[in-house]
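Chains as they are written, first to last, in this note's numbering: chain A, -19 to 330; chain B, -19 to 330; chain C, -19 to 330; chain D, -19 to 330.
It is possible that part of the hints are untrue.
One copy or two, either will do: identical chains are not told apart, so a pair holds if it fits within one copy or between any two.
Unchecked claim - Straight line, CA to CA, 30 Å or less: simulated DSS-like cross-link-like pairs of lysine-lysine: (1) Lys236 - Lys205; (2) Lys249 - Lys48; (3) Lys237 - Lys96; (4) Lys205 - Lys237; (5) Lys46 - Lys96; (6) Lys173 - Lys148.
No lab work stands behind these hints: they were computed from the structure.
These are the residues of each chain, in order.
Number of protein chains: 4
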Amino acid sequence: MIQERNIRVGVLGATGYTGLELLRLLLRHPDITITVVTSERSAGQTFSDVFPAFRGQLDLQLSPLKVKEISKQTTVVFSCLPHQQSMPHTSAFLEYGSKVIDLSADFRLDSTAVFKEWYGAHVAPQLLQEKVYGLPELYRDQIRDSFLVANPGCYPTATILGLAPLLKNGLIAPESIIVDAKSGVSGAGRNPKQETVFSEVDESLKPYGVERHRHTPEIEQELSKLAGCEMHIRFTPHLIPMNRGLLATIYAKALKKMTSADLLRIYEKHYTSETFVRILPPDQLPNTKQVRGSNFCDISVRYDETTEWITVFSALDNLTKGASGQAIQNMNLMCGLTETTGLLGTALIP
Amino acid sequence: MIQERNIRVGVLGATGYTGLELLRLLLRHPDITITVVTSERSAGQTFSDVFPAFRGQLDLQLSPLKVKEISKQTTVVFSCLPHQQSMPHTSAFLEYGSKVIDLSADFRLDSTAVFKEWYGAHVAPQLLQEKVYGLPELYRDQIRDSFLVANPGCYPTATILGLAPLLKNGLIAPESIIVDAKSGVSGAGRNPKQETVFSEVDESLKPYGVERHRHTPEIEQELSKLAGCEMHIRFTPHLIPMNRGLLATIYAKALKKMTSADLLRIYEKHYTSETFVRILPPDQLPNTKQVRGSNFCDISVRYDETTEWITVFSALDNLTKGASGQAIQNMNLMCGLTETTGLLGTALIP
Amino acid sequence: MIQERNIRVGVLGATGYTGLELLRLLLRHPDITITVVTSERSAGQTFSDVFPAFRGQLDLQLSPLKVKEISKQTTVVFSCLPHQQSMPHTSAFLEYGSKVIDLSADFRLDSTAVFKEWYGAHVAPQLLQEKVYGLPELYRDQIRDSFLVANPGCYPTATILGLAPLLKNGLIAPESIIVDAKSGVSGAGRNPKQETVFSEVDESLKPYGVERHRHTPEIEQELSKLAGCEMHIRFTPHLIPMNRGLLATIYAKALKKMTSADLLRIYEKHYTSETFVRILPPDQLPNTKQVRGSNFCDISVRYDETTEWITVFSALDNLTKGASGQAIQNMNLMCGLTETTGLLGTALIP
Amino acid sequence: MIQERNIRVGVLGATGYTGLELLRLLLRHPDITITVVTSERSAGQTFSDVFPAFRGQLDLQLSPLKVKEISKQTTVVFSCLPHQQSMPHTSAFLEYGSKVIDLSADFRLDSTAVFKEWYGAHVAPQLLQEKVYGLPELYRDQIRDSFLVANPGCYPTATILGLAPLLKNGLIAPESIIVDAKSGVSGAGRNPKQETVFSEVDESLKPYGVERHRHTPEIEQELSKLAGCEMHIRFTPHLIPMNRGLLATIYAKALKKMTSADLLRIYEKHYTSETFVRILPPDQLPNTKQVRGSNFCDISVRYDETTEWITVFSALDNLTKGASGQAIQNMNLMCGLTETTGLLGTALIP
C-alpha cells in the first residue's frame, strides 16, 4: 500500500473522554488533518468552547452526525460513540469509502449470539465477521488490510497482552486464570452518575460488575484463540480513586516448575519487536503512573515457588493504549504509516 | 473477672499513624484515662503541639519510654512502636503488672524460626508462646484471660476473617488460595520515604512486596490453624492512592458446586453473633469508604458457576479494625468491659 | 429551661451529605433518639440499605415528608432539604410544637427583599424575623430561647468567626475586605452534576461563582451587624479536589500599625470561652485536615508590616462546624443541654 | 542570528521534577539532541532505570556534574539544580561557550543585597547583572541575545502575567495588591519531607510560607519595573492536594470605575500576539486542569461594581509554563528557533 499523505480524519462522539484523548493525540500526529468532530449534544459549539484546554489548538465547530457529508471529508472515521450507537452507521461509512475504527464494543465480538447475550440484537451482524480485532500485537497484518477495525477494550488489552506469552507457550492450566483488574475512574465516562461523583469515589476502593462485566466475553474470545481451546476466566474489576490508569493482576497455575527468570526470558522474546509492550527488568514492577498519557503497556511476570502460581502484572493508560492511542496505532497501520507515528513520548509524571 | 473502672492506659510510640488513631478512639472511650504518651523524637512537646487536631482534647506532654515509670501509671500499655522495638521492653511491662497490647509484628508469629526468617532473632522468644493472637472473632476467650496480646496486621485481619467460614467448613481447595490485596497509603506509616511522597503516589497504582511481604507468614499461620493443615497462599498487595482503607479480594476454588446464596447463608451463620463483621446483602459489595474510621469489616462472597471459583471481598479500615480499633476491642476483652465499648459509630463519609 | 431528656429528633432530607453527617454525629449523642428520617426519592428503603456504612447502626426506614406525623414523633426537626423546599413546611412544624433547625438558606437572611433578589419570593416572610441566626458564638442566648434556628452556611461560618474580633474592635477599613475562600467538593452536594464528576474535579483547581455567590449577602448581613455599618466584601470561592474542608483566607487593611502578637492576644481574648473556636499558637497555621470530621474552627491571624494588611486564616469542616455539627450545637442550646454534648472529639487523620 | 540546527542540550540535576518535565518536553522537540543528564545521587544509572516511564525513550546514563566535559557536549545547559548549587558553576559554563538556562532562583534577582537577605551571599554577583529574566512575554528581545537566562519561578510567572496589563495601563492602586496563590504539591520537589508525605497532604488544604515566601522579592522586583515605582504585595501561597497546577487569584483596587468588559478588551489587546497567554472568554474562568502538562497560562479578569475590586485569575502548570516549558521557550528564543517549537499541544485531561 502506498502511504496516504495528509490523512483526513473525523471523530464521532468527540466530547467523551476517549474522543478527547484521541484529539489530544491527533494534534501531535504529523500526517493527519482533523476535518470533522461530531457531538449531538454540543453541535454548533466550537470544540474549544466545550474544552478550554483546546483553545487555540482545535477551534473546529462540532457538527451533528451526518454520514454522507462526513464521508466526503474523511479518509478515516474514529467512532467514539457509546455502545450500540455506532453499528447503525458503520456500513454506510464503509460504502462511502471511509475507513472506520470503532472504539465501542459494537464490533469486538465475533459471535452474533454472544453479542446478543451481552448487548442485545446486532443490526449489522455481517460486519462482526468482516471487522478485524484491533490489537496490533496480535493482528498486525490483518489490520493493515482492514477497512473496519474494532478497537479493543481497556481491560481486554491489558489482559490479553499479559497472558499471550503464557498461552502461546502452553505454560498454564487453562481453568486456573484469575484476572483481578483495577481501573481509574475515567473508564466510566464523562456523563454524571451517582457512583462517579467525586465525593463518592475519592478515598474509596470497591469491586464492581462482579457477576457480569461486559469485557469478560471479549477477553475469553481472544484468550480462546490464543490457547486453541475454549477459555473461561474469573474476571473482577475494581474502581480506583484516580483518573487514568489500569492494572491487571493476573494469576495462573503453572503446568510445570520454572523460575521468574525463565518467564522473563519468554516474555522478552515474545515481545522483542514490540515498541509499545515493555517487559520490565526483574527488579521493577509496573506502576500506572509510569504509563499515564503514553501508549505503552508495561508488563512484569513472577513465578512463586511455594504455590506454583504465576503472577503477571500488566499496566496501561485506559484512555491511551487502552483506547485512543491504540486506535491511532491501528490508523497508522491501516494507512500505511509507521506504526508508532505520533505515539512515542513519555508519561506525564508526576 | 471484675470490671476495672477507669482503666489507665499508656500509648508507646504515640506519634505514628496507629498511635494517632488509637488516641482518637480512646478519647471517645468512656472507661479509660490516657495517662502516658511516649515519643523519643518529640519527647517534651505537648501532644497537641505535634498534632493540632488534638488541641483542647489531649494536651498531655510526650515523654520518653521509661518502663518502670510508665508501668506505675498504667493498667494497659498499647505499644505502637515499630517492629523489633517493642520486644525488648515487653517482659518488663508484664512483670511490673501492666497488660500489653502490641500493635507491631513482634509477637504475632508462633514460631521463633519463622520470626527469624522474616524479621531476625527474637529477644523474648518465650513470649511468642505466651501471647494470644488478638483477633477476637477467633480467640475471644483466650484474649479475655491474656496479659499479652499480639494485635494482628491489617492484611491478615481482612484475609483471615474473609476465609474463616470457608476453611472451617472445608469448602475450598487449600492450594488454590489467591489473596489480591489493596491498601491505602497510611499503612506505610508517617515517616517520609521516596515512595510515599504525595506526587509519587497520587494518581498511581502499583503492586509491591510481591516476592516477600511480611504479612504472608502471619496469614498462613492462622489459615493453617483454621484448616487443620499447612496452608500456603499467593499474597499480592497493591498500593492505592488514598489514605485509609483496605480491600482483600480473595479467590479460592470450590470443592463442590454451590450457589452464591448458599455461601451467603454460611457466612451469615458463621458471623451471626459478631458486631464488627458485617455480611452484606446479596445486592451489595464492600467499599472501603463505608468503613473508613469505623471498626467494621464488611464482607461479601460470590460463587461463579462457570469457573467454580469463590470470590470473597473483605474490606476494613487499615488503621481501625486493621490496627487501633481492634486493639481497643482487645483491651475491652482483657479488662472485662463490653467488647464494643467506645467502638460503635459509623464511617466518616463522604 | 429544664433539660429535656431523651430528645426525639427527625431529619428531613436525610440522604444528602448534610443529612448523612448529622446522622453520623447524632448516633454518638447521648441524649437523643432518632425517630424519623425522610427522603422523597428513597422512601420505603431502610437508611442502611441506602448507606451501607450505617448497617447495624441506623436501620430505620426512610419515610416521605408528612408534617403532622413527624411532629408527633419529634421534639426537634432538622431540615436538610434543598433551598426553598424547607420554607413551605416550617410554620406547620412550629405550630405542631416541634422545634426546627433549618440547614438550608431559607431563613438565614433577615430581609425579604434581599431573599427575593438571591432566591426568589419567600413563602413565610414573617419567619425571617422570628428565626435566630444559628451561630452560637454570636447569638448563644437568643438561640437558647428560639424555636426556629437558621443554621449558617459553611463559608459564612468561617468568614464571620474569622472577622468578628477585628470588626468588634474596629481595627480594619470596612471597604477593604477580601475573602478568598476554598472548599472541598462535598459542599456541592450528593446529586450528580457534570462539574462534580470525579474525573473533572480530581487534579483540578478553579474559582467558581465569582460574580454572584449566594453566601455573599448572608456574610454581609452579619458583618454589617458586627461593624455597625453596611459592609460589602469581595467574596471569591474556589473548588479544591478533596471531600471535606473549607479555608477562608481573609484580607483586610489595618487602620493602625500593630503586630501579629497584638492580634493574637485580641483573638485569644475574644474567643477565650469558646470551645469550638481554637486560636492557634503563633507558629501554627490552620490546615483543614486538622478539623476534618470535628466541630472546631481553627483560626490564625497575621499582620504584615510592609503592606499593613491583616490576614486571617479560618478553617473548618464544611459538613461539621460548617453545617451539621453546628446544627447539633444549636440543638443542644435549644434543648438546655451542655452545648458541647456529643460534639467533642478529634479529627479523623490521616 | 542564524538558526542552529540540532542543538545539543544537557540537563543538570535531571532527576528532580523540573528535570523530569524538561526531558519529557525535550523528547518531543524536533531540533535538539539530549547529550548529557547529570545526577550526583544516581550517577552511573541509566535515566530510564530511575524513571521507568522513559524506558525506550531516554536510556542515557546519568553522569556526575563535570563542567568542562559537559560544555564540550552541549550548546545549551539547563540547570535544574537546587537553589545555591547552580551559581558556583555558571561562569565556567559560559566561559566554555555553553548557553545557560537556570531554573533555580540563583539569578532571578537583580540586587545582590536582596539576594543575600533571602538566600545568603551570592558567589557570582556580576552574573546577576548579566542575566536576563526569562519571561518571554516581557523580555523577548533581551532573551534572544542572552547567554544566561534566569528562568522565573512558578508563582512569579502566573502573578506577573496576570498583573502586567493593569500595571502597564496604570489602572490599580499600587499598595492594594493581594496575591492569594494556590499550588499543587510537585512544586515542593521530589525529595521526601514530612509535609509532602501522601497521607499528610491528601484531603488537606493549608497556607504556608505566610511570613516570608522567597517568591515575594522576585514578584515585587518585576512588578516594580512594570509599574515604574517600588511595589509591595501581600503574597500568600496555599498547598492544594494535587500534583500539578497553580492558580494565582489576584486582587487590586481599581483607580476608576470600569466594567469587566473593559478589562477583557485591555487584556486581549495586551496579549494579542502571545501564543502561550490565553485570555478566556467572559463566560469562562481558568481551571488548572485545562493547562496541565501544557505551556499555556490562562487568564480571566473581573471588575466588581459594588466593591471596585478587580480580580484576576491566572492559571498555569507549575512544572511547564511555571518551569520547564518556559525554559524551552527561552531556549527556542536563545537559539533562533520559532518560539513555540515543541511546546504546542493540549493538556492531559482528564
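Checked hints:
{"no.": "1", "hint": "Lys236 - Lys205", "in the structure": "both (22 Å within a copy, 29 Å between copies)"}
{"no.": "2", "hint": "Lys249 - Lys48", "in the structure": "neither (46 Å within a copy, 42 Å between copies)"}
{"no.": "3", "hint": "Lys237 - Lys96", "in the structure": "between (41 Å within a copy, 28 Å between copies)"}
{"no.": "4", "hint": "Lys205 - Lys237", "in the structure": "both (25 Å within a copy, 28 Å between copies)"}
{"no.": "5", "hint": "Lys46 - Lys96", "in the structure": "within (27 Å within a copy, 46 Å between copies)"}
{"no.": "6", "hint": "Lys173 - Lys148", "in the structure": "neither (41 Å within a copy, 41 Å between copies)"}
Checked against the numbered hints above, the structure breaks hints 2 and 6 and satisfies the rest.
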